[in-house]
Amino acid sequence: MDLAELFQLFDSTMRNAAPLLLACLAGLFSERSGIFDIGLEGKMLAAAFASAAVAAWAAAPYVADPFPGQISGLGLGWAAAWLGVTAGMLAAIAMSALHGFASITLRGNQLISGVAINFLAAGVTVLVGEALFSMGGQTPQLTGAARFTAIELPLAETRRGIPVIGPFYADVISGQVILVYIALLAVPLTAWILFSTRFGLRLRAVGENPGAVDTAGISVTRQRYSAVLICGVLCGIAGAYLSMGTSAAGFVKDMTAGRGFIALAALIFAKWRPWPALWACLLFGLLEAIGSKYQNVDVGAFVIPVQFMQALPYILTVVILAGFIGKAIPPKAGGQPYVKER
Amino acid sequence: MSKTLPRWADLILIPAINVLLAFFVAGLVVMFIGEDPVHAMGIMIRGALGSDYGIGYTLFYATSFICTGLAVAVAFHASIFNIGGEGQAGVAGIGVALVCLTLDQTHWLLTLPLAILGAMAFGAAWAAVPAYLQARRGSHIVITTIMFNYIASALLVYLLTNIFKMPGSMAPESRRFEDGANIPRLDQMADWIGLDMARSPANISLFVALIACVLVWLLIWRSRLGYEIRAFGFSDKAAVYAGISPFRITMITMLISGALAGLMAINTVMGDLQRLNLDSVLGAGFVGIAVALMGRSHPVGVVLAALLFGVLYQGGAELAFEIPAIPSQMILTIQALVILFTGSLENMVRFPMERLFLFINRGRA
Chain U
1 MDLAELFQLF DSTMRNAAPL LLACLAGLFS ERSGIFDIGL EGKMLAAAFA
51 SAAVAAWAAA PYVADPFPGQ ISGLGLGWAA AWLGVTAGML AAIAMSALHG
101 FASITLRGNQ LISGVAINFL AAGVTVLVGE ALFSMGGQTP QLTGAARFTA
151 IELPLAETRR GIPVIGPFYA DVISGQVILV YIALLAVPLT AWILFSTRFG
201 LRLRAVGENP GAVDTAGISV TRQRYSAVLI CGVLCGIAGA YLSMGTSAAG
251 FVKDMTAGRG FIALAALIFA KWRPWPALWA CLLFGLLEAI GSKYQNVDVG
301 AFVIPVQFMQ ALPYILTVVI LAGFIGKAIP PKAGGQPYVK ER
Chain X
1 MSKTLPRWAD LILIPAINVL LAFFVAGLVV MFIGEDPVHA MGIMIRGALG
51 SDYGIGYTLF YATSFICTGL AVAVAFHASI FNIGGEGQAG VAGIGVALVC
101 LTLDQTHWLL TLPLAILGAM AFGAAWAAVP AYLQARRGSH IVITTIMFNY
151 IASALLVYLL TNIFKMPGSM APESRRFEDG ANIPRLDQMA DWIGLDMARS
201 PANISLFVAL IACVLVWLLI WRSRLGYEIR AFGFSDKAAV YAGISPFRIT
251 MITMLISGAL AGLMAINTVM GDLQRLNLDS VLGAGFVGIA VALMGRSHPV
301 GVVLAALLFG VLYQGGAELA FEIPAIPSQM ILTIQALVIL FTGSLENMVR
351 FPMERLFLFI NRGRA
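Protein chains in written order, with our numbering: chain U, 1 to 342; chain X, 1 to 365.
So that you can see chain X by itself, here it is in the shape it has in the complex (with noise of 0.2 Å):
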């Protein structure tokens, strides 16, 4: 690591140059379409943030993104990949779903602690075999992780067409959830404080998720266990030297982010479907990805990330409704376009950014 570049220009230059130029190609992209880039940004402004029904939609799916961001950035304070979000959630849809199925005749203040158990308990499982098999067999869990996807969707394919499908229907779900598993939605707590806000599926999980945020920045920055998984992804020879256990802190970090991963259950399970089918994740756990590297790891980074994202995909679907000629495929372009350009082309804004510094640098010296 050269120290060329101060540390603002790392943390916020780079990421926020990197995320402009990913928006500028999006934009030739919708002018190639032949619309108006302006306008079409114009109507995904106004439909994820212009009414109290947007930004509830904006808030739903950001809870899920901080939920997956956080995820994939614990782990890369690991230097490890995780991937295998996408699985790690779907599956922690049947921890949530179990514990609903048991106990939605009580309230909701008993099966939503339990249900975060289930969730969080079935993502750390599902993430604990490839993180296993990657600290003790030396599988390559990038990889591993992308099979496990695929192993998951499978499964979940499987127990809902032949376990949880209610007899007599043709849909492979699960019952819908009993009122004790309904957890209070973002405007029934608005109403609680006598606020009034429109109907949207955006609920308690947000502040769970928020929580989650603080828990994560106290362990990676304020305690002995993120400091061994920060210096173990600095250098894991050296991290060994250090007295450091390659595989405890392998599977300890995975199954956080397996856990972190599968949080997102509660939102979108519990929170909205209130059944479990199979589409609950619907890519987010691959919007983690993105979210974490623009947030460049931090829980502060990772939530901004998350609320744009959330803001991409509301407005994304209202400008598909209003112009069809741009379909919701746009916020999947401008996903790879930001894990793109923030990920893996990152070093073409940083190599001319590092020679302007040590120019300016020579010139005060």
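Bound-form chain U, shown alone (with noise of 0.2 Å):
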């Protein structure tokens, strides 16, 4: 393998990782603060729908009159993407606050909650996506500015020269697009706030004590509310990279294929912590890129065959949760719902 097939190997880990990255940030910050989320598939596919529906439309063209039954487009530009991106976050704002409003204010079961989130989301999409496009469930194309495309850094090309840093920052850092950027500051950004302000202190506590958070006049509920919608907010961006930024460029069924959950067990591989969130989802994200570019590995003496490379992330997870390499303890409090004494 030569360099250039090694950093193409690492440019689809980039794009890979993204995604995972969003939403395994997103479950940080709820599962912080006590609340179970084995919802992000199910947000992140509502997000997917719902920006690629927004786009679509945003950008479709304007019609001054339209005909009885014909619908007009805003005939936005780049605006339309941004604006799909808003809608994707209103999605899995919407999708938290139910799993808030279900496991917060009515203490139910924080589980089961996130299976049907889950599936309301596998449901509705393909429901609304047929009743507004009648494409069997998929949205229309995205083309041009109603898409994502890569960015170029500054000096990308200029500098290609110097040997290994150059075509590194050229071809793996530099051309991706703007979300993978922002799920990348994501990183120390939900570091900073977890670890250095005040509401991280909370959110963290409100986590382990809740009990202790109250008798310091601290609304729990409040809080924890707080956290599951940033937790949509994130999950509603990983949802739009999906369906606007990589190469599908359209919403289709279940396109999700399980990312919720890879990043549930990247959140657990990095035990609840951002920045080995972020080395969690770049190996997840390098194992998907391996299992896509070569089909069955061959390591001389055996072949890895390629199922066992998408079972990988499983599996290792399985192991960290057995506690074989290092413990993964999750926030004390959590799943828990907390009742205020009277």
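The reader is advised that the hints may include incorrect statements.
[Stated by the list, open to error] With a cut-off of at most 27 Å between alpha-carbon atoms, the simulated DSS-like pairs for lysine-lysine come out as follows:
hint	chain 1	residue 1	chain 2	residue 2
1	U	Lys271	U	Lys327
2	X	Lys237	U	Lys340
3	U	Lys327	X	Lys237
4	U	Lys293	X	Lys165
5	U	Lys293	U	Lys253
6	U	Lys332	U	Lys271
7	X	Lys237	U	Lys332
Calculated directly from the structure, the hints in this document are not laboratory data. Please read all numbers here as calculations on a predicted model, not as lab measurements.
Combine the two chains into a complex, taking the hints into account.
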């Protein structure tokens, strides 16, 4: 394998890792506040649909006086893409609010709520998609400014001559969609919010010992709702990336394809910490890249089947959960509704 | 647990209201799509129950859902959320296929019991690992069973493309079972007693599932082990003081749960497909969650809820056929709403109900 091939692999690693990372950080906010979230998949899926649908509509040409039955688009250019991301965030936030209402206000079972959200998203996206576009649950192909395209970072081509670092910068770091950079920036931002702000301190405390936080006069309910809403925002961007930033360029049913659960796996792998979450997502992104580039990996003595590569993130998570490589200890109050003493 | 609600309200009234709410919201979704919910409901019911063909399919689906519903229900009694029915049923299909491919030259009276054992053994084995990891190493069983669903599907793809695939065939599936592994369908059985019934995949495993219901009832409410399972589910800490081993209960409950989920492979792999392929489970493992929640983890409730979901699946397929604007994902949406309302939004109905009953009781005192 030469350097160009390796960098090509890293390039698709970045593309694969970005949605995982956003969803993983989303789960991190929620679970650090004590709300388990196995509905990441559904939130991403809903967001992927909403963003693609709105972007397609916003980018469609504006018709001043539409015939009856004909819907006019907004005729927006690049703003259509951003309107799409906003719609994606709103869709995921709505799902988050539902999850929050069930698990914070009504003290329902968080796991069951997450399962319901996954099914709800899988069903409703196709139903609404079919009603709006009649394309078998898909959205129209997004073209041109309605989707996100690669950004050339400054000096990428001129400094290509520098050995190793030059091509690495040009091929891997540069030339990604803006949402990838947002995902990468979300890591230090999350670390800063979580460990250096008052909000972050309270967020972590509420996931470990909500009683103590309540005693200090801080509203557990409010703290948890804000965490769940941040989770929605991040899942929204993750979903928007899937339908608007990848080569798919549109929504296809079930397009998240288990990424929400891989993100959950990465969160456990990272032991609910932001920087390790980055490495875990890059690792799982690399596995996915290898799995799709080489069908069966030949390691000399025997051949690793592609299915094993696909199952590896899940296997690794089970191994981590079993405590064979370090112990993953979730936030102590996770999964338990908080009942205020009277 | 407050005792403000009478038993009948807790067991019947609240689930009924929750299910009605779920259907009401589903009706709103149908209206939003621009179709008439009452008309759609009519098509579904006629499609599922209007002919013996439709009833056959409804019973076929219901059989699978009884198995997976019981699986989730048994685990619920021990306060364990087994989300891995999908994987357990998928892997159980391998057990069924191994028995059938080996013995299909003989007779179904021999292959059926062995295939049942194979299905239950493979389903239980797939549940055993998450169970052990929870009981001994404290891994969260919900997460591990989800992971095991994905591992199971990768395993199935691998086995079907590399081991079971017939030479020269492109399709990832095993060869078709010979006659010795064909179990009687319901229409054939109706023929034995002189009744005429249209051909459908409903088969003898319906009775296997119903027997399983009786056995589960005996186990949970009439056996010492069932008492221990319920005690553990009510309070694991108190159970330890009562001399109940959490390790033993977790393992046994999950083995039973996995075996029950595995049982559905008899219905689909042996009763319908007569070969092992990639889509023998098709979400039935997840339907089990809705069925168990709706049936209040009681075998009778599970049968009723499984029948309802059988109607939804068969009726939904007819609906998608007659009104193409309503795709089959409608079922998924209804399923989600049922899980949402009966599972996690339950207190939305319960809290006001408790207040209502408190008010009534005060009036009486």
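Against the structure, the hints come out as follows:
1. Between U:Lys271 and U:Lys327, the direct Cα distance comes to roughly 8 Å. Compliance with the 27 Å bound is thereby established for this hinted pair.
2. For the suggested pair X:Lys237 and U:Lys340, the alpha carbons sit about 23 Å apart, so the restraint of at most 27 Å is met.
3. With a C-alpha separation of about 23 Å, the suggested pairing of U:Lys327 with X:Lys237 holds against the 27 Å cut-off.
4. For the hint linking U:Lys293 to X:Lys165, the alpha-carbon distance of about 24 Å falls within 27 Å, and the restraint holds.
5. Proximity of U:Lys293 to U:Lys253 is assessed by CA-CA distance (about 24 Å); at most 27 Å being required, the pair is judged to hold.
6. Distance restraint check for U:Lys332 and U:Lys271: the Cα-Cα separation of roughly 13 Å lies within the 27 Å cut-off, and the hinted pair is therefore satisfied.
7. In summary, the hint linking X:Lys237 to U:Lys332 is supported, as the alpha carbons are separated by about 17 Å, within the 27 Å threshold.
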